[in-house]
Every structure is written in structure tokens, then in C-alpha cells.
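A.B. asks: So the chains spell out like this:
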Amino acid sequence: MRALIQCDSLTKRFREFTAVDQVSFEVNNGEVFGLLGPNGAGKTTTMRLLSTLLKPTSGTATIAGYDLLREPQKVRASIGVLPEDTGLYDRLTPREHLLYYGKLHRMPQDVLRKRSDELLDIMELDDRANTKVGDFSKGMKQKVALLRAFIHDPPVLLLDEPTAGLDVMSARSIHGFVERFRKEGKAIMISTHNMTEAQKLCDRIAIIDHARIVAVGTVRELQEKTSQKDLESIFVQLVTD
Amino acid sequence: MNLERIAAIAEKELKDALRDRRTILAMIVIPIIVLPVLMFLPAFLASPERNPVRIAVIQSDNSSDDFLADLASNQIDLVRIGHQENLTRLIQNGDYELGMVLPPDFSRILEGPDRRATITIYVDQSSVRGTIALALVQDAITQYANKIVAERLAKTGLPPEALTPIETDLRSVTVTGTGALFLAILLPLFLGIYAVTGAMYFIMDTTAGEKERKTLEALLTMPVTRTEIVLGKFLIAVLIALLSSVLAILGMIAGVVFFSGTIGESSAPSFSISAGNLFLIGLATLVLAMTSASLEMVISIFARSFKEAQNFLSPLSIVVVVPAIAMQYMSEQTLRLFAVAPIFNAMLIIRDALLNRASATNLALEFLSAFIYMAIALAVAIKIFNSEKAMVRY
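If you read the sequences in order, they're chains G and P. According to the numbering used here, the first sequence holds residues 1 to 241 in order. According to the numbering used here, the second sequence holds residues 1001 to 1394 in order.
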């Protein structure tokens, strides 16, 4: 079976600067794939390429079998994106956000209402469902943005730094949510520079540095490759080599 | 293109806009309350009918009582004071709007067929109430003088016509009434300003603002085409511009009704308009809203932040005044040359409808050019929305 995310030599250049260079990997269903790298390594650009915000300079990728360049609308319908910034409307409530984005996915009204109630309940946001998100904490906003990515039940999830700047409780709640959807068979890609998060959540990790992937594998495979025990040491060795 | 998605975007934009105090302020509060009050309140407060002007009178004897009786009215409050030493200071201090010194033997002077009495007037002409008082006093003096002239003429056996050997017989050919010219100057200007400024804040917020807050980035990952996004936002921008124009007109009407009596109801100009011309004005207002919304969207999408959009768009509210003023001074031939200029074309339709001068050829040219500009602007907006360089910050 074809992987849900299949990246083939994906490259993005901004004039002289190469942000993503010949990146190839695949993510299968029921798998959490981590893109681990220092700031400016190309994590967010890779995420933006896969979410169709940017067009690759060369190479391509398929998501749920749809080509990034030829079928961007179908790709967008197959992905749920949590961008680096939550990108929520301060004057709308969590429920209004979910209903709005659900409508953009052309979900039937009754299915959409049921799904929003379910998601708000899972994330324990049901009692704040009708409060404007402008009044929310960073953690709560992140939860709403995550629900937005899940509203249409997409097979692929692209989560850019999902727990950056969050307190322990909010981060745990988001981790629980990711675990839950991994079990449902989604292909989940997470970009992060948080080693603990990567080790805890990811089935496989790609280490990206200076726009290139320097290693891909499970934590055990990376340990074997570098003869290092903890992920931090593995990471430091790979990016300084 | 999917209408359901355009409707969903439009619905969200409207909801978001109606919850934004700044949009409400620009769309409803300013046109319907602030501007009519600013326009009419000064006249209302300065009105002598509501608040009579105070005039200090200095008489040496009772010989001018007859004149003062004529002068007295509900708009004038006459106060006789003893001497004139402090008169200048009293007026400068605002105790009185005007001071008047009447000469002794006033009535006796006027009895002589060739004599002239001098009334000395003290007034501060930099004050609005002072100039109002002066106009009232001069008017009363002219009327009293005419009465004296008529008496003098009667004594010589000459009829009053002796002083006016030529009279004019004015026959107005205005179709729409004497108020039409006033409206033809004012309405295109006001509708132009509101079409441009009414939705300006919303447009900046929904394009450059969304880009800055990164909400647009989330929207661009949805399965909606860029055309659907532009059209959804454009629909609400037009609705807001149109609503603020209509509310501005209602505000002006409310202002006239509420403050009536202060703007000269006795000489109120007449005006009538046919249903067809009224429909044309409505249509032109819609076209104005559509043209300005599409142009503003293009400029605003191009901006990287709300503040930058503000810098780009703010001059438009001044620029729009230029054609409205310029068209008052242009000949009909010159005006036709500008019939295809954006904004100007819709303003011309409004002006011609008010003056009952609209012709099918001109209208076709004006509407067609307006729609071409709008289509070009929307196409450019969609192109910018499709450009990753303009839409996504790296």
C-alpha cells in the first residue's frame, strides 16, 4: 500500500537561499512521524510545502495519493494543518471556528454539528465552546487550532510545533489527542525541536539540518547508527557531523 | 467555484465584522450620528431662533424708539445700556454679540428730505454669532430705510418704482427644483466618501490584517479556491460600503429633520425626482461601493501588515473628494471625457440623475467602464491571492 505522505526530492529555494533541499521520506497510516531539527533547519518550510502554502521549486510529494502540484485542492481536502501560529479569529468562538472550517470542507450540517460537539468534548472545551477565543490562554487556543485540523476527519495531519510554549498540562492533553488519532490510523507528521516530545510521540524521526535530512529512522535505529543513547546526544552528533 | 463555500466565507466575514467595534464605528456610528451632528450642530447652536443674539443699544434720547421697535424680534434680544465706554470690551468678552450706538434726534434727522442718520455698529466679525447679529441688524436697517425712502418719495409725489427703473423677471427652467444643484454637488461627494471609507477598515482587516495575524495562512490550507476567498470577502466589503452610504444618507435626512429650523426652512429649496432617476442613483451607489471595494482590496492585499495597508489606503479618502469637487467646475464636454474614469463615472451618474440629464449612451459608457475596472481589480486581487510571495511570509 502506498504511504499516506510520500515526499520525493522536495526542494524549495527562495532566490539564492535553499530552505528545503532534496527532502524525501514517507509516512504511513497509523504512524507519527517527527521532523526534528534546530531553528531555521527547514521544518516549517517542509510543512508549508506539504500543506500547499508554498510550491516546491523541484521535486514533489503525494498526500493520500494526490499530487501536491497537480491536485492541490484534493490535497487540502485530505490534510488537517496546525500551523506554527494558531491563526484563529479572536472574535469567533471555538464552535464557530469548527462550524466555519467544516463548511469550507463541505461537511453536511448534521455531521458537522455532531463532530464539533464530539471534538469539543474530547478536548474538554465544551464549557468554553461559546466564548470568543480572543479571551483564551495560549494552550486553549492551541487546542482549538488542533480541533480545526481534525474537524473533517482527514487521513493526514501536519502539526507544526504543536506544543511550543505550552504548559505541561496543555502539552499532555495535546499528546493524548495525537495518540488517540494515531490509533484511528491517521498519518501524523509533527515538526518539533523538543527532544522529549519527539521521543515520546514519534514512531520514526527524520533529523533535518541545513535544509537536508541527515537521518531517518526509529529512535532505536538512530541509537544504533550513532552509538548514542538519548535522543539529544543523537541529535547533537548528527547535526554537528 | 462553489457558491456554498463563498457563502460560508461571506457569513464568517460578516459575523466577524459585526463583532468588531471599529467596523461598527466606521459603518454605523460615524455616518448616522457623528457626521450629521458635526454638520448641523454648529448651525443649531448658533441659530438666533433657538438662542436670540444679544445686542447692546446705546441711545442718547428716545428718538430712536420707533426704529428699535421695528428691530425687536424673537431672534434679537435688545439690551439698553448707559454709555459706550466699555462697549468694545463687552463684545470682545462675549457679553453681547453686537453693539449699536444711535445718534440723538434720530427721528428728527430722518424727517428731513435730504438728511442721513449714522448708526455706529460694534461687532466681532470673527465670531459666527457676531456675523449672524450683523446680518439681522443690517436687514432691519435696510427695511426701516426703505420705509423712510417710501415716505420721502410720497412727499415728493414720486411712486416707489422711481427708484427701480428696471426689474428682472426670472423664469427657472430647472426640472428637478432649485435644490437639485445643491444635491448634485453634495450627494456624489458624500456617496463617494462613504463608498471609499465605509468598508476601508474592514478591507484592511480582512486582507492585510488576516495576513499579519496568520489567520489567512490557515484559510489557505483549506480546500477553497483563491477566487472563492476573494469573492466571499468582496461581497461583505460591498455590503458594508453600501450600508454605510445608505446610513450616511439616512443620517443626513435625520439631521435635517432633527435640526430643521436652523438651516432656513422658510427658504427651503424645492426638489423632486422620478422613480427611474432614484433607481439610477441606487445603482450608481452600488457601483461606487463595488469599484472602491475591489480597488481597496487589491491595494490592501498587497500590503504586508494592517499598518502598511492603512498607509496605502488612507490617501484614497482625500483623493475621492477631487472628482466630486472638480465636476462642479467642468463644462459638460469636459465632463464626458472623464465619464470612463473610475469612481468619477459613478459620481457622474448620480449627478446626472439628480439633474435629470442621464442619457442612455452616457450611462452605458459609465456603467460599462465601472464594471471593467471592477473586473480587472478582482482579477488582480485573485492573482495576488494565488501568489505565494505576496501571501505567505517566509
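By construction, these hints were calculated from the structure, which means they are not laboratory data. Don't take every hint at face value.
[As the list claims (entries may be wrong)] In silico lysine to aspartate or glutamate, EDC-like type, Cα no more than 20 Å apart, as pairs:
#, chain 1, residue 1, chain 2, residue 2
1, P, 1389, G, 179
2, G, 74, P, 1388
3, G, 132, G, 90
4, P, 1214, G, 224
5, P, 1214, G, 90
6, G, 132, P, 1011
7, P, 1214, G, 96
A.B. asks: Could you work out which of the previously given hints the structure breaks and list their numbers from low to high?
C.D. replies: Violated: hints 1 and 4.
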